[in-house]
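Whenever a hint applies, use it, and build me the whole structure from the sequences.
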Amino acid sequence: ITSGTLRMSDDERLKQIDSLYEDMVDKLSFLRHFNNQTSVLALQRTKDEKQINFSKKIYGLGN
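For the sequence shown, our numbering puts the final residue at 273, and the numbers step up evenly by one.
Be aware that a few hints might be false.
[As the list claims (entries may be wrong)] Calculated pairs, SDA-like style, for lysine to any residue (alpha carbon to alpha carbon, straight line, at most 25 Å):
id	residue 1	residue 2
1	Lys237	Gln226
2	Lys237	Ala252
3	Lys266	Gln254
4	Lys237	Gln247
5	Lys266	Ala252
6	Lys260	Gly270
7	Lys260	Gly272
8	Lys237	Arg223
9	Lys257	Leu271
10	Lys266	Arg255
11	Lys266	Leu253
12	Lys260	Gln247
13	Lys225	Val235
14	Lys257	Lys267
15	Lys257	Gly272
16	Lys225	Leu238
17	Lys237	Lys260
18	Lys257	Gln247
19	Lys257	Leu238
20	Lys225	Ser239
21	Lys237	Leu224
22	Lys237	Glu222
23	Lys266	His243
24	Lys237	Ile227
Treat the hints as calculated values from the structure; they're not laboratory data.
Structure representation (structure tokens):
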């Protein structure tokens with residue numbers, strides 16, 4: 211770094227790009243896992259709601 215300008219060698223620049231790439235790959239992996247888990251949760255909630263409604267119907271309980 212010199213008086214108001216930033217300087218990196220090509221090697222430093224490539225290392226920084228590689229580091230950013232790895233960070234983004236990690237974030238993408240987390241996001242995919244998170245999305246899968248929320249999908250599973252949504253399916254479980256739908257299943258639970260159907261089971262509750264079925265039980266209410268069997269026992270003659272109001273919705």
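Going through the hints against the structure:
no.: 1; hint: Lys237 - Gln226; verdict: holds, 17 Å
no.: 2; hint: Lys237 - Ala252; verdict: holds, 22 Å
no.: 3; hint: Lys266 - Gln254; verdict: holds, 18 Å
no.: 4; hint: Lys237 - Gln247; verdict: holds, 15 Å
no.: 5; hint: Lys266 - Ala252; verdict: holds, 21 Å
no.: 6; hint: Lys260 - Gly270; verdict: holds, 15 Å
no.: 7; hint: Lys260 - Gly272; verdict: holds, 14 Å
no.: 8; hint: Lys237 - Arg223; verdict: holds, 21 Å
no.: 9; hint: Lys257 - Leu271; verdict: holds, 19 Å
no.: 10; hint: Lys266 - Arg255; verdict: holds, 16 Å
no.: 11; hint: Lys266 - Leu253; verdict: holds, 20 Å
no.: 12; hint: Lys260 - Gln247; verdict: holds, 20 Å
no.: 13; hint: Lys225 - Val235; verdict: holds, 15 Å
no.: 14; hint: Lys257 - Lys267; verdict: holds, 15 Å
no.: 15; hint: Lys257 - Gly272; verdict: holds, 19 Å
no.: 16; hint: Lys225 - Leu238; verdict: holds, 20 Å
no.: 17; hint: Lys237 - Lys260; verdict: violated, 35 Å
no.: 18; hint: Lys257 - Gln247; verdict: holds, 15 Å
no.: 19; hint: Lys257 - Leu238; verdict: violated, 29 Å
no.: 20; hint: Lys225 - Ser239; verdict: holds, 21 Å
no.: 21; hint: Lys237 - Leu224; verdict: holds, 20 Å
no.: 22; hint: Lys237 - Glu222; verdict: holds, 23 Å
no.: 23; hint: Lys266 - His243; verdict: violated, 35 Å
no.: 24; hint: Lys237 - Ile227; verdict: holds, 15 Å
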